[in-house]
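On the provided structure of chain A, position chain B as indicated by the hints.
There are 2 protein chains.
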Amino acid sequence: MKIAIIGFGGVGKAFFQLLRKKKKELMLEGLDIKLIYILKSNGGIYDPEGIDYEDLTVFLENQSDISQYRRGGSKKANFQLLIENHDIDVLIEMTPTNKKTAEPAMTYIKWALANGKHVITANKGPVLLAYKQLNLLAAQNNVQFCIGCTAGGALPTINGGLIDMAGSQITSIEGILNGTTNFILQEMEEKNISYELALKTAQHLGIAETDPTLDVEGWDTATKLLILTNVLMNQEKELEDIKVEGITRITLESVKKAIEEGKKYKLIGKATNKNNKIELTVQLEILDNHHPLFNVNGKNKGVRYASDTLGDLTIIGGASGVIPAAASILRDLIIIHRGYHFSR
Amino acid sequence: MKIAIIGFGGVGKAFFQLLRKKKKELMLEGLDIKLIYILKSNGGIYDPEGIDYEDLTVFLENQSDISQYRRGGSKKANFQLLIENHDIDVLIEMTPTNKKTAEPAMTYIKWALANGKHVITANKGPVLLAYKQLNLLAAQNNVQFCIGCTAGGALPTINGGLIDMAGSQITSIEGILNGTTNFILQEMEEKNISYELALKTAQHLGIAETDPTLDVEGWDTATKLLILTNVLMNQEKELEDIKVEGITRITLESVKKAIEEGKKYKLIGKATNKNNKIELTVQLEILDNHHPLFNVNGKNKGVRYASDTLGDLTIIGGASGVIPAAASILRDLIIIHRGYHFSR
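Sequence lines, in order, name chains A and B. Take the first sequence: its letters are residues 1 to 344, numbered as in the UniProt record's numbering. Take the second sequence: its letters are residues 1 to 344, numbered as in the UniProt record's numbering.
For reference, chain A alone in the conformation it holds in the complex:
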């Protein structure tokens, strides 16, 4: 299986390392992966025989600009060369997300699918803008469009919904989909501190970003909820269809009151069916200690699906970080290798 990586940030580098470390294990499963392109915005490399993991690892210890790597059979490359050579089986797309245009990812993905290459993307942009269209394009070209890490990373929200719930209708979705806000709420509970202080702790630990808006105002949760709803409940909703409230107005007083009653505040993204209309909300909710998402702790995430025939399914986990994110891309690659059809 010949693959290309496009986008070589934290997750890209972790994925590369995973390919290196798991090489033998993957061979045992019959999966012989040749990584032949690594592309970035400022250029990249191409080795038709497969880039030498060990040698490139040594190179990267001393230098960060991969486009300068020329050892072994590696040549300079860009996406134009990949199009001309037409020699990959799978494109792994990990460029930065743009939620408005989804570019340049959209161009890469469309080219790959239309030309019979499987695509695995870690990028929410194209999924938000054009999931149905891209999935159809994949089906028409008998390849797979895999998005297993776009709504919760290692937590198998997408694959869990598509595969573990196969044959049943998902009737509602409820999830703690953002690790940062979940961490902040837990800090307030456990350390008895204000929202502002808990946010600062999270920023200090590198869990929250300097501008935490996307997380704390609920937009990251909303984005993931939207992907899950459209993919698993066959909807075509947009961000504007979601009533979004973040956690910024929560007081220590209310957190303490909940704890005294044995309850917890959680930021919940929810898709529910009200009179045959799907209602979407992101808001703080008080969970009692019987709720299956009550114990989604720290930076973990969790999701609960209700269904017509398979009952309720709750999935908890999805440690944050580049390694689990990379591992979830590898998971999609293996599921493709095992023949599973995501796209029909």
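In case anyone wonders, no lab produced these hints; they're calculated from the structure. Keep in mind the model is a prediction, meaning the values are calculated, not measured. Take every hint as true, because none was put in to throw you off.
Covered by chain B, according to a simulated footprint, are these stretches of chain A (three or more residues, beta-carbon under 8 Å):
| no. | segment |
| --- | --- |
| 1 | 157-165 |
| 2 | 279-293 |
| 3 | 305-317 |
| 4 | 324-330 |
Cβ atoms here follow ideal geometry from the backbone N, Cα and C, with glycine treated the same way.
This is chain B only, laid out in the frame that chain A set:
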């Protein structure tokens, strides 16, 4: 896809009803199922054009012996006829479990796999006795051997471990795998009653059997733990390798003490790696309220996998009952249809 059902008890009947109710939905997915055999120990029926769901449903409302059904194109049939006709794609095996010989299921399954028919089984016997052998036989004949409902019914313990954790090594397993004992423990907690009274309630509600030994002595949990360990951690353990303790000696006093401390007793099946040896235990453990399995309530089940690269995954759900069990067989059928390779 032409299928045969062998074994037509509660789950078999529920599966038949599911095929009937989901017919249109399955056609939309491109899955055109023709049920051509329903076989029981005392005989069965065969219709090469596909048994008429609606008509047979009406028949079953008045009569329970399916071997007497002769309407439409249905003829009398047995497994010998199925062998002679050689006209199915998938065998769905739901005969009663025999944990010693696994017969007659083993004979049916071996014939089917060796003759290029996919097999889905709801039967623990063959999985316990010969999973590796049967999986290999399936791989040699390029068909699938699916066991997705043999360790927790609707709870996707097997598929979750095989598919959602693909590419990572599962390093430990921890599970609440028996709904009956979980219900009994919860009754003691909530109603402040003795083990004996809670067991009686469970028996009265039809949750526990008249002879509850298999559940309350931990053997049902042990059986499921064994399947999960062998399948997901690539082991060849036997029941004797598990240290098994049930819940029969629990006192109301100890349950109350745990509750006062905000904790709960749960019957936990566990596979852990101690110095490169897998240790297997089934025993009562005290979980604190941070544990992800703390909120596995009532008849639900839950399992937690730790892994090298995908972090922890906890899966909770798996409502008991014949409909979810049947739905989990349908799930395996759909996953086969979507091309996934369980057996290699």
